[in-house]
Amino acid sequence: MTASDALPALGRRALDLLQRLGHSAFFFLDLLRNAPAALRRFYLVIAQVHAIGNYSLVIIAASGLAVGFVLALQGYYTLSRYGAAESLGLLVALSLVRELGPVVTGLLFAGRAGTSLTAEIGLMKAGEQLAAMEMMAVDPKSRVLAPRFVAGAISMPLLAAIFSAVGILGGYVVGVLMIGIDPGAFWSQMQSGVDVWDDVGNGIIKSVVFGVACTFIALYQGYEAEATPEGVSQATTRTVVISSLAVLGLDFVLTALMFSTPR
Amino acid sequence: MGRKGIETLVGVFVLLGLIAVVFLALKAANLASFSTGPTYAITARFDNIGGLKVRAPVKSAGVTVGRVTGIALDPQSYQGRVTMELDAGVKFPADTSAKILTSGLLGDQYIGLEPGGSDKSLEAGSQIRMTQSAVVLENLIGQFLYNRAAEGGDKK
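Protein sequence lines correspond, in order, to chains A and B.
Mapping the first sequence onto this note's numbering, position 155 (from 1) lands on 258, and the numbers just tick up by one.
Mapping the second sequence onto this note's numbering, position 46 (from 1) lands on 47, and the numbers just tick up by one.
Hints are computed from structural coordinates only; laboratory data are not their basis.
Computed from a prediction, not measured in an experiment: that's the story for all the values here.
Possibly wrong hints are sitting among the right ones.
Residues of chain B placed beyond 10 Å of chain A at every Cβ, according to the derived structure [said to hold, decoys possible]:
#1 PHE14
#2 GLY51
#3 SER61
#4 GLU86
#5 ASP96
#6 GLY113
#7 GLN133
Taking beta-carbon pairs under 7 Å as the criterion, some of the chain A residues facing chain B (in silico) [said to hold, decoys possible]:
#8 VAL152
#9 HIS153
#10 ALA196
#11 LEU261
#12 ALA264
#13 ILE265
#14 ILE271
#15 SER291
#16 MET293
#17 VAL297
#18 ILE345
Derived, one-sided and incomplete: chain B residues facing chain A with beta-carbon distance under 8 Å [said to hold, decoys possible]:
#19 LEU17
#20 GLY18
#21 LEU25
#22 ASN31
#23 VAL91
Heads up, the beta-carbon is just placed ideally off N, CA and C, and yes, glycines get one too.
Can you build the whole structure from these sequences, using the hints too?
Structure representation (structure tokens):
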């Protein structure tokens with residue numbers, strides 16, 4: 104390939120990328136515009152919260168418990184070297200509430216709920232159900248996509264809060280019941296170091312952002328999937344990859360905005 | 002499963018999530034320890050506030066009676082001016098003194114109030130006159146080294 108070919112190819116790729124970005128941005132605006140309509144037909148949202156939230160509950164709670172256990176074990180190993188084992192509660196709570204709760208829940212959410220959304224929408228498209236809805240003058244965006252979008256944005260913060268709470272209880276089980284740290288010190292150190300707005304509040308903001316991002320990516324990939332079995336499978340894979348990267352990238356940006364200035 | 006069943010399950014899920022948020026706010030964080038009652042503000046000037054931070058507790062006899070709400074440098078005296086909110090239910094004598102103390106060797110710094118014997122009490126906006134600055138470790142070490150050097154000089 105000569106330079107005269109390479110340059111147009113590069114330009115085409117850049118334009119492609121821009122076009123896809125703009126396309127997805129309009130899709131996002133469409134979802135936002137249709138969200139109030141979905142809220143008016145709330146039973147649709149409730150059914151989706153059931154599909155997204157309730158079915159993710161077990162894996163979220165189990166992961167939270169495991170993360171809490173491991174955090175307490177590893178944290179104790181390091182803290183006890185400095186004679187600060189009493190701060191274990193603070194370490195576990197801050198790690199969970201600020202970072203691990205929203206981020207790990209976001210990753211699990213992308214894997215558990217995001218993939219099923221993409222596959223569902225992709226198969227609806229492959230089965231021409233979406234086209235049939237349009238034929239009946241029913242906008243699939245407001246009837247099918249928006250309720251799922253709202254449900255994802257509602258479920259994710261609740262799941263993240265459950266993750267953090269279960270994780271702290273797991274840390275309590277390992278730290279206090281197994282290792283034998285004083286329970287009073289465990290809770291009081293935690294309460295003196297964790298702030299409601301700065302730590303818990305920012306964690307919840309993070310999880311809302313991740314919920315919106317993951318659900319949007321899953322719906323977009325499903326809606327834009329090629330209407331073939333391979334197309335749906337590729338879209339599902341893309342959902343997991345892009346959502347996970349988006350969660351990690353957004354987390355860095357949000358952390359830099361929220362926590363980078365110590366007071 | 003009918004709509005009712007799904008709604009119940011979703012209700013359980015939302016309830017669990019809300020319980021988790023309340024648990025995080027009350028048990029893991031310090032929402033419960035915020036005093037919601039009325040407070041009054043007083044100020045104190047310190048030569049050096051050390052590592053004191055906004056929202057650090059103000060204690061008297063070890064009991065938390067308020068929080069630091071503002072720290073600023075006084076441009077005239079070049080002292081640190083600390084504003085604190087105290088519970089309205091606790092009145093201190095006007096000649097109360099304030100110290101910046103450290104909880105434990107490496108702990109956070111807080112303000113300790115020691116009540117004096119005056120009949121008048123501190124009003125909102127008044128200033129504590131007697132203050133003791135934070136202990137700065139570097140200054141202590143410097144002083145210690147200086148004293149040692151001076152002792153060594155005496156012996157020779």
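These are the hints, each one checked on the structure:
no., hint, result
1, PHE14, "violated (5 Å)"
2, GLY51, "holds (15 Å)"
3, SER61, "holds (18 Å)"
4, GLU86, "holds (17 Å)"
5, ASP96, "holds (30 Å)"
6, GLY113, "holds (16 Å)"
7, GLN133, "holds (23 Å)"
8, VAL152, "holds (5 Å)"
9, HIS153, "holds (5 Å)"
10, ALA196, "holds (5 Å)"
11, LEU261, "holds (3 Å)"
12, ALA264, "holds (4 Å)"
13, ILE265, "holds (4 Å)"
14, ILE271, "holds (6 Å)"
15, SER291, "violated (10 Å)"
16, MET293, "holds (6 Å)"
17, VAL297, "holds (4 Å)"
18, ILE345, "violated (26 Å)"
19, LEU17, "holds (6 Å)"
20, GLY18, "holds (3 Å)"
21, LEU25, "holds (5 Å)"
22, ASN31, "holds (5 Å)"
23, VAL91, "violated (20 Å)"
Figure legend: structure checked against the earlier numbered hints; hints not met, in rising order: 1, 15, 18 and 23.
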